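S.K.: Chain by chain, the residues:
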Amino acid sequence: MGKSDVVEKGRTSAYTEGGGVKVWIKEKLEDFGFAISKTQRRFALALLLPAVVVLALVGVFPAIYCGWLSLTNINLARAAAGFKYIGFENWENLLRSPYFWNSFKITLIFMIVAVSVEFVLGLGIALVLAGRLRSKFLRTIMLIPMIMAPVVVGLCFYYLYDGFFGIIPWMLRKIGILGGNIAPLGEANIALWAVVAVDIWQWTPFMVLILLAGLESLPVAPYEAAQVDNASKWQVFTKITLPLLRPVILIAILLRVIDAFKVFDKIYVLTAGGPSSATDVLSMWTYRKSFLRFNISLGATVSLIMLYVVLIICVFLSTVLTLERKRG
Amino acid sequence: MKKITTILIYAFITIVLFVFVFHYIWMVLTSFKTRLDIFTVPPKFIFKPYLQNYIDVFTRGRFLRNFLNSAIVVACATFISVAVGTPAAYSLARFELMGKKHISMWILSIRMMPPIVAVIPFFLIASKLRILDTHGLLMLVYMTFNLPFVIWILRSFFEDVPIELEQAAILDGYSRWSIFTKVALPLVKPGLVSVTILCIIFSWNEFLFANVLTKEVAQTLPPAISVLVTTRTVQWGRVGALATLVVLPIVIFTYFIQRHMVRGLTLGAVKG
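Protein chains in written order, with the numbering used here: chain A, 1 to 328; chain B, 1001 to 1272.
Read the hints as simulated data drawn from the structure, not as lab findings. Only a predicted model underlies this, so the values are computations on that prediction, with no experimental measurement involved.
So the derived list for chain B, only partly shown, Cβ under 10 Å to chain A, looks like this:
{"id": "1", "residue": "Val1016"}
{"id": "2", "residue": "Ser1127"}
{"id": "3", "residue": "Phe1207"}
Think of the CB as a built atom: it goes at the ideal place given N, C-alpha and C, for glycine as much as any other residue.
Please work from the sequences and hints to get the whole structure.
M.R.: Printed below as a string of structure tokens:
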């Protein structure tokens, strides 16, 4: 209460003095970005314009076009027959289709399991490494999994998972978890977990590095205070480290969630959605529908649903990013 | 006691790092194996190195062609994105434009857009215009993820430039444009280098667009590699050699911008 009162008083006193209205108008204009001079604004817009035009062309236009496609029945397999406007039929069919919901469920499982395991592992490793991993060389090694082309990652694991000579099934057989000549990617009940494991493998280092950066930039004062107060290690972790680290954790998780939701390349190489659609994530399903079955309209509809989901997560991300930017 | 903890921690670091890059190491090892060694069970860790796989990669198949395509597309796509994105980033960082917050949010949402949303319209339009399988198309399409990225990251770098420097330049009679090019730009050089390299990495690795929009003439490396495993008999030695070669340049690049990597990967929010 006290603070806003002071601000209010400051403002009222500004009006009552000479030219008060001017000050008020200036404040309002500043809120809307009119305060900068005209030439300045022209310059700023000129710098911004090319990028906005390109982004509208390559970013917004496709989404709108998808919206139109989703209301038609374009199928490239019978392109000669032409297409017509069919309203929301695609949407209705889609929302009733068990295959779509199956695909949605698989995507969610993939996303939730992969990101939570990555986070827990990442936080654990980051806590151990905090302040101890200074070497540029070692940090580069840690970056390798996430800068590798996802196709190549998929390829490496396709090889590692091979039922006959793959090293992972071989090791699992040695410890007796896996029997016979089972190929993890060929079994409907294992394939999804095998693919999730690849994602965890690839993206845990990302979590480690971000949380490490977060941990290493935490202020020292709260920790000194905790030492004076004889706080236990667990108390320090839950009462100081976690709350201070919260924005970084949020950013890391949100970025990973969006990324995992869109996963395509690895799945394409590893299983192509199989066996019997056990790993058929939304991107994969859309790809097959549009480019192998040529049902472009249905593909566009699913991709729009994906876009909406991502946009919702994006609103959270934007808020956190903006807050964090202002703070740092 | 302290010594033991140190040793334990170094052991931990070694194991963790080894596990993280094991798949790549294994691929590199495979690339030096003969066909016989590749299919041995249990897998062989020690063997006589064999270079024929690398010779095959360069002499058979279309690796060089794909490599060249990748290089052309990546170089141009990166250059255009940085050239268009840098002024926009400066503008967003410096001026209180109307609706700035909405513009930023909009740019972020384009960056996050699932590629599958963009690929369907691009495919239809490109096939109508008969520009499928061209380098230019891929360069344009790669702007969907590169341009928003450049703007977001560089904005955070421009915001770190103290505004007093630019104010001093105004007093010295610099024009708006020369303040941007002569004062602000040189100060964000590390940022420019990092976004350039990150754009190179993203475009180099991109798969979905390249897979749908190119076939032969302009096919880049990632779709060319994916074809290798979908065929019936996979020649793992050659695949390994190819995988090694594709990742190597990226690793070298990463080493030089390692310090800015975290900042890049978190869209400028977390400074590593």
